Amino acid sequence: MASYIAGRLVQAAPVLLGVSVLVFLILHLTPGNPALAMAGPDAPPSVVRDIERTLGLDQPLYVQYGRYVARMARGDFGRSIRSREPVLGRLLDTLPVTLGLATVGVVWTTLVSVPMGILAAYRRNSLLDLSTIFAVLAGNAMPVFAIGLILLWVFAIQLRWFPLTGYESLRSLEGWRHIALPAITVSSGVIPLLTRLTRSSMLEVLHQDYVRSARAKGVRETAVIVRHAFRNALLPVITIIGLQFGGLLTGAFITETIFSLPGMGRLVVQAILGRDFPIVQGGVLLFAVTFVVTNILVDVGYAAADPRIRYG
Amino acid sequence: MRPIGRWLISVGVALVLVAMPALVLGAPGAGPTFTFARGQESETLDPERTTAVSSAEVDYLLYDTLTSQDYDNTVKPGLAEKWTISPDGKTYTFTLKQGVRFASGKPLTSADVKFTLDRWRALKGSPSAFNISPIESVDTPNPQTVVLHLKEPLSTLLVNLAGYAASILNADAVNKAGEDYGTGAGKVDGTGPFILREWVRNDRLVVARNPNYNWGPPIYQNRGPAHLGTVVFKVITEDTPRLAAVQVGDAQFDPSVPGQAVDRLAREGKLQVIRYSDLNTAFIGFKLGHKPLDDLKVRQAINYGVNRQEVIQGAYYGLAEEAFGPLAPGTPGWLTGVKNIAYHYNPSTAKRMLDEDGWTQPRPGATRQKNGQPLSLLFLWTPGAAFDSVVPLVQAELGGIGVKVRTQQMEWTAFLAALRAGQHDMFLINVRYVTPDVLYFYFKSTQRPAPNRFDWADPETDRLLDTSRSSTSETERMAAYQKLQQIIVSNAVWIPLVHEKRVVVASKRLVVTKMHANVLYKMLDLDLK
Numbered sequence: 001m002a003s004y005i006a007g008r009l010v011q012a013a014p015v016l017l018g019v020s021v022l023v024f025l026i027l028h029l030t031p032g033n034p035a036l037a038m039a040g041p042d043a044p045p046s047v048v049r050d051i052e053r054t055l056g057l058d059q060p061l062y063v064q065y066g067r068y069v070a071r072m073a074r075g076d077f078g079r080s081i082r083s084r085e086p087v088l089g090r091l092l093d094t095l096p097v098t099l100g101l102a103t104v105g106v107v108w109t110t111l112v113s114v115p116m117g118i119l120a121a122y123r124r125n126s127l128l129d130l131s132t133i134f135a136v137l138a139g140n141a142m143p144v145f146a147i148g149l150i151l152l153w154v155f156a157i158q159l160r161w162f163p164l165t166g167y168e169s170l171r172s173l174e175g176w177r178h179i180a181l182p183a184i185t186v187s188s189g190v191i192p193l194l195t196r197l198t199r200s201s202m203l204e205v206l207h208q209d210y211v212r213s214a215r216a217k218g219v220r221e222t223a224v225i226v227r228h229a230f231r232n233a234l235l236p237v238i239t240i241i242g243l244q245f246g247g248l249l250t251g252a253f254i255t256e257t258i259f260s261l262p263g264m265g266r267l268v269v270q271a272i273l274g275r276d277f278p279i280v281q282g283g284v285l286l287f288a289v290t291f292v293v294t295n296i297l298v299d300v301g302y303a304a305a306d307p308r309i310r311y312g
Numbered sequence: 001m002r003p004i005g006r007w008l009i010s011v012g013v014a015l016v017l018v019a020m021p022a023l024v025l026g027a028p029g030a031g032p033t034f035t036f037a038r039g040q041e042s043e044t045l046d047p048e049r050t051t052a053v054s055s056a057e058v059d060y061l062l063y064d065t066l067t068s069q070d071y072d073n074t075v076k077p078g079l080a081e082k083w084t085i086s087p088d089g090k091t092y093t094f095t096l097k098q099g100v101r102f103a104s105g106k107p108l109t110s111a112d113v114k115f116t117l118d119r120w121r122a123l124k125g126s127p128s129a130f131n132i133s134p135i136e137s138v139d140t141p142n143p144q145t146v147v148l149h150l151k152e153p154l155s156t157l158l159v160n161l162a163g164y165a166a167s168i169l170n171a172d173a174v175n176k177a178g179e180d181y182g183t184g185a186g187k188v189d190g191t192g193p194f195i196l197r198e199w200v201r202n203d204r205l206v207v208a209r210n211p212n213y214n215w216g217p218p219i220y221q222n223r224g225p226a227h228l229g230t231v232v233f234k235v236i237t238e239d240t241p242r243l244a245a246v247q248v249g250d251a252q253f254d255p256s257v258p259g260q261a262v263d264r265l266a267r268e269g270k271l272q273v274i275r276y277s278d279l280n281t282a283f284i285g286f287k288l289g290h291k292p293l294d295d296l297k298v299r300q301a302i303n304y305g306v307n308r309q310e311v312i313q314g315a316y317y318g319l320a321e322e323a324f325g326p327l328a329p330g331t332p333g334w335l336t337g338v339k340n341i342a343y344h345y346n347p348s349t350a351k352r353m354l355d356e357d358g359w360t361q362p363r364p365g366a367t368r369q370k371n372g373q374p375l376s377l378l379f380l381w382t383p384g385a386a387f388d389s390v391v392p393l394v395q396a397e398l399g400g401i402g403v404k405v406r407t408q409q410m411e412w413t414a415f416l417a418a419l420r421a422g423q424h425d426m427f428l429i430n431v432r433y434v435t436p437d438v439l440y441f442y443f444k445s446t447q448r449p450a451p452n453r454f455d456w457a458d459p460e461t462d463r464l465l466d467t468s469r470s471s472t473s474e475t476e477r478m479a480a481y482q483k484l485q486q487i488i489v490s491n492a493v494w495i496p497l498v499h500e501k502r503v504v505v506a507s508k509r510l511v512v513t514k515m516h517a518n519v520l521y522k523m524l525d526l527d528l529k
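Protein chains in written order, with the working numbering: chain X, 1 to 312; chain Y, 1 to 529.
The following block holds chain X by itself, in its conformation from the complex (with noise of 0.2 Å):
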């Protein structure tokens, strides 16, 4: 197994080198610079040269990034050029808050999907089916900037259950009041998906042969579906559940800014928006490695899901 993983981290190497490259150069090549942005748009032509010098926007585009990739190297990711703060200080401030979405996100996503698939297979085409599928389709027909409002609007302005805005941590009771409307909006998107498909490999899987053979023995129903059938019906949603977490990491972009989280998706929109190079390139890493990280725990947990499953 730790072969195995060592490999695969091996192979992420030249994964995030392309991320590397092509962020750097849709940042360089796309009109526009930080210069502009910092000069504001009163300052002479020789201020924002000036600027540019400083930052070394005047040199080649290659000389730039060998120098972006020599940094890296050596663990620097820069200072912001707006801020003027570390870089990797900033995102690792901000990373906490986007994991803990995601996760508190995954966990929602896995508490509300699993069961409603699974008992909507089990009860197929009755009310609780059909409310089930009805459910999942409204919640994939909204976005998930118009969820957040709505339950922004209802829950924290006019009920005032939860918080308006911010974050807190949360080893606090006020940090889950904080990130519970947040890790709704940010799951809404993704529980339709793993709730159909829970559904459909439910339902598969309670056709064969050795489901009928252990009600043919006797087992109880409880174990039929939770030890014969849930278990083998468990690895495409384990596969789905992976992948989304990198969905529900990007989503936090929009969520972040809704409800003004402190989280790296919203620093990175504004980096981007005021063009500061070094945050977008360190952030979009970062996510990347999260994203290969989290591809590595799936397929980990296949092995532990499906004895049949051996690496290394």
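Worth flagging that the hints you see were computed from the coordinates, not collected in a lab. Just so you know, not all the hints are guaranteed correct.
Unchecked claim - Straight-line Cα separation of at most 25 Å, DMTMM-like style, residue types lysine to aspartate or glutamate; simulated pairs:
(1) Y/K444 x X/D93
(2) Y/K90 x Y/E152
(3) Y/K176 x X/D76
(4) Y/K124 x X/D209
(5) Y/K176 x X/D93
(6) Y/K124 x X/D93
(7) Y/K106 x Y/D88
(8) Y/K270 x Y/D462
(9) Y/K151 x Y/E136
(10) Y/K351 x Y/D295
(11) Y/K124 x X/D76
Note that the structure is a prediction, hence the values are computed from the model and not measured.
Could you slot chain Y onto chain X? The hints should help.
Chain Y alone, transformed into the frame defined by chain X:
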């Protein structure tokens, strides 16, 4: 006396002794907490490195400047209690107030002022240092006196020294923090009425009252410690939750209310809705170097084709005034009779002028042509609340007189880059200036290609601009500004559109007398009931 009684008395005496200095001076942070909800986070609290308004509104609290800006935008004393200007306008001698201290406790001396101005001028990549570029050297004959020597006179120097970028820094604190200066609590030291306590980026920035402050500018009734104990700047990016935060009492102030909400809020009467002018002007600029905009008649006709009232109602929800010239009313040197020489909406006149100039319509509703060339113009703009509606309105209005407008929406820095490269025929922008110096930046021929994005090069304009900058005679300078506005309007270099009203909402608990051009500025008179 029983032991418990003695113990209680001892504790009481100890508490009084500990609390005494705070009771006398007012403890840092004691007093009401005021929460200011805003859409953007400060970039850095190093004032010389940023042009962001979100940084400026905090800098005004943490720092002071040599001069200060009054509500009517005139210059008043700040850290300098008085100053003299040499007859040739090239030497400024400032006398600093006695007893001023930084938040760290270090006394302010002329060495800090010299350090601040020298650092600003030398700071690589400072976006604002060009505002004091005529300063040649700074002398400090004694700890209370600062002498500025200029290469050439600069009539706006005193105003520029009142801006946040000219905040006086503690030389020791800047040297100690190095590159990290301005990035957080403990890395900022100013003489302002508040002290930075906490900064969780994208969430909250907390400042507490400086209890020793007693050198406030004379524009305030209260020149001592602020009434507010703590000010919390809360970043809420989205308009709806930000406004809701004030409505439910989580915050007491929102400086950027969406136009469509203003009427409703005023009708409901639960919050204070304050409208004020911050001397902004939205305008459409022409690129005179591009044909046919080199033709004065075409520019004048297009000016006649724009219905400002329709723009005000359709895009600004009525919260704007018509603009007729390049300066906003209230700016020193504003031409009072500018309305009489401006172009008022008259599509018939516009069509007649274009007809007379040879731009004819092959059929009604079609784009005008001259010598086979269509009258088609590329109009660049960048999104903003009102601009999203201004652009289609102007496009439709000019379409009505046979001018085809091809609009292209761009992201802000891409927009600035495109203007710098001269890709536009027309562009839409909003500028805010408290001094008539905007005329120098925008119309001096040496300022091409930016910020003179119009290609305007006129020797008479240049001469008047030089006079307005260098003359030490107020009368002569004001006369130059008046003449300049006449030249710019009569040559139709712009389409002046509107002066947008700023709207803020505040809790009824907030005691706010009037709005400053820098919104709440130093908050010295501000209080919470």
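Hint by hint, here is what the structure shows:
Between Y/K444 and X/D93, the direct Cα distance comes to roughly 46 Å. Violation of the 25 Å bound is thereby established for this hinted pair. Simply put, Y/K90 and Y/E152 have alpha-carbon atoms about 6 Å apart, close enough for the 25 Å limit, and the pair holds. Restraint check: the Cα-Cα separation between Y/K176 and X/D76 comes to about 22 Å, which is no more than 25 Å; the hinted pair holds. Only pairs whose Cα atoms come within 25 Å are accepted, and Y/K124 paired with X/D209 is rejected, the gap being roughly 76 Å.
For the hint pairing Y/K176 with X/D93, the CA-to-CA distance comes to about 24 Å; that is within 25 Å, so the pair holds. Simply put, Y/K124 and X/D93 have alpha-carbon atoms about 28 Å apart, too far for the 25 Å limit, and the pair is violated. At most 25 Å may separate the alpha-carbon atoms for a hinted pair to count; Y/K106 and Y/D88 exceed this at roughly 36 Å. With a CA separation close to 52 Å, the supplied pair Y/K270 and Y/D462 exceeds the 25 Å bound.
Distance check on the hinted pair: Y/K151 and Y/E136 sit about 6 Å apart at the alpha-carbon level, within 25 Å; holds. With a C-alpha separation of about 15 Å, the suggested pair Y/K351 and Y/D295 falls inside the 25 Å cut-off, and the hint holds. Proximity of Y/K124 to X/D76 is assessed by CA-CA distance (about 22 Å); at most 25 Å being required, the pair is judged to hold.
When each numbered hint is compared with the structure, violations occur for hints 1, 4, 6, 7, 8.
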